[in-house]
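Colleague: One letter stands for each residue in the lines below.
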Amino acid sequence: MTNRLVECSVAGLIGVLALSSIAVAQTSQPRQATGQQSATATASTAGAGQAGSEIEGKGQQMPHYKYAGPPGPAPKQDLSGEWGGPLSAAKVDPVPPMTAWGQERFAANKSNQKINVADSNDPLDTCDPLGFPRNALWESRGIAFAKMPDKVVELFQYEKVWREIWTDGRALPKNVGSDIPNSPDPRYYGYSVGHWDGDYTLVVDTVGLDDSTWLDNAGHPHSGDLHVNERYTRVDQHTLEMTVTLDDPKVFTRPWMAGQTTFKWIPEQQFDEQLCIPSHMQDYYKLLANPAAGVGTK
Amino acid sequence: MKTRLVALLLLVGLLTVCAPVFAHHGNVAYDETKIVVVKDAKVTKFMWTNPHCLILFDAADEKGNVVHWAVEGGSPSALAPAGWTRNSVKPGDVVTVYLHQSKAGTPVGRETKIVLADGTELSDR
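These protein sequence lines map, in sequence, to chains A and B. So the first sequence is residues 1 to 298, counted in the working numbering. So the second sequence is residues 299 to 423, counted in the working numbering.
Simulated from the structure, these hints should not be mistaken for laboratory data. Hints are not guaranteed to be accurate.
Here are some of the chain A residues that sit facing chain B, going by a computed Cβ distance under 10 Å [stated by the list, open to error]: (1) K91; (2) V92; (3) D93; (4) V95; (5) M98; (6) N109; (7) N112; (8) V117; (9) L124; (10) N217; (11) Y284; (12) G294.
From the three backbone atoms N, C-alpha and C, an ideal C-beta is built for every residue, glycine too.
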């Protein structure tokens with residue numbers, strides 16, 4: 001990934017330099033055919049750091065929102081509203097070394113980043129729920145918070161799911177998914193509690209996560225022991241900063257901050273509708289993924 | 299003129315190298331080292347859907363036989379800021395499609411840009 005970024009930067013720079021030579025040649029000429037205009041437009045996009053592309057792990061691709069004036073101060077202990085984000089969080093810590101158990105699970109997860117979609121077993125490819133924290137670290141184009149008595153509800157644009165963050169001081173459940181009688185079931189979106197650290201940061205802790213879900217598109221696994229800590233800091237009226245820290249000793253040899261995102265207040269306070277539709281996914285396999293891999297039928 | 303053309307080709311080549319990691323799937327199945335340009339592509343279906351929009355079109359191969367193509371693009375959330383809408387392309391439209399073709403050589407690919415009959419460009423990078 002790093003090498004690719006270097007290549008892209010160099011190529012982008014060369015592209016800009018090449019573009020300059022074209023621009024100079026064209027200054028005294030009337031507008032040419034569309035073909036040349038398009039090359040100019042595309043090249044300047046590349047030179048400008050690929051605005052309009054979506055690069056995972058870079059936290060980029062912020063939609064451009066227009067505001068009437070500068071943001072006011074952050075309201076106290078209030079994240080309510082709809083926030084726009086990039087495709088994915090910016091990576092912070094590198095993935096730590098994994099335990100033997102973790103490595104075994106990782107090897108079994110066949111990511112579609114590395115092999116044909118047709119051969120991948122990413123649960124996303126069958127429109128299974130992303131689950132948490134994968135949906136906090138990726139497909140983070142829209143999140144919203146709403147207050148209810150004793151809790152804050154977080155809503156996600158992707159797949160139109162929500163989760164409850166209890167703020168009534170209750171403890172996280174224990175022994176989720178264990179053999180102990182009456183222990184709680186694991187959940188795709190876990191069990192979350194939150195408390196305010198000062199007036200502007202909501203701290204959220206989550207356990208009880210079903211280990212069916214992947215952590216990321218690369219297929220890193222997590223166990224049912226995963227404990228996720230998030231911090232949401234409202235910087236000003238229009239800015240919300242998120243960090244996501246993972247602690248899963250069954251899989252990773254140390255805790256790590258997996259992602260960081262800056263969300264911006266959406267002026268229209270409206271999401272897109274973004275769903276994973278199983279029948280459309282089946283069409284995708286039939287029309288694209290299988291033929292692309294040279295496979296006859298799924 | 300020739301210098302400009304060479305620079306233009308250089309740009310296209312370099313931009314191809316810069317293919318970003320796309321949203322949902324990797325593009326392992328596609329040959330991203332070159333762009334295939336399909337002219338006179340007659341659209342048969344446009345699916346404005348997640349996770350990837352699909353464009354189905356017919357185009358003649360070198361022998362004049364009609365080939366049924368299918369290409370994927372970004373999601374609506376990714377394409378809308380670049381000017382795409384669910385009505386950008388309709389069955390019957392004749393367009394030019396720029397794409398990375400499958401390594402298997404099948405008529406499927408990942409489009410990077412389409413150019414409509416009136417010259418409008420819709421980019422997908």
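Colleague: If a hint holds in the structure, say so; if it does not, say that too.
Modeller: Evaluation of the provided hints:
no. : hint : in the structure
1   : K91  : 12 Å, violated
2   : V92  : 18 Å, violated
3   : D93  : 19 Å, violated
4   : V95  : 16 Å, violated
5   : M98  : 21 Å, violated
6   : N109 : 14 Å, violated
7   : N112 : 4 Å, holds
8   : V117 : 5 Å, holds
9   : L124 : 7 Å, holds
10  : N217 : 8 Å, holds
11  : Y284 : 7 Å, holds
12  : G294 : 3 Å, holds
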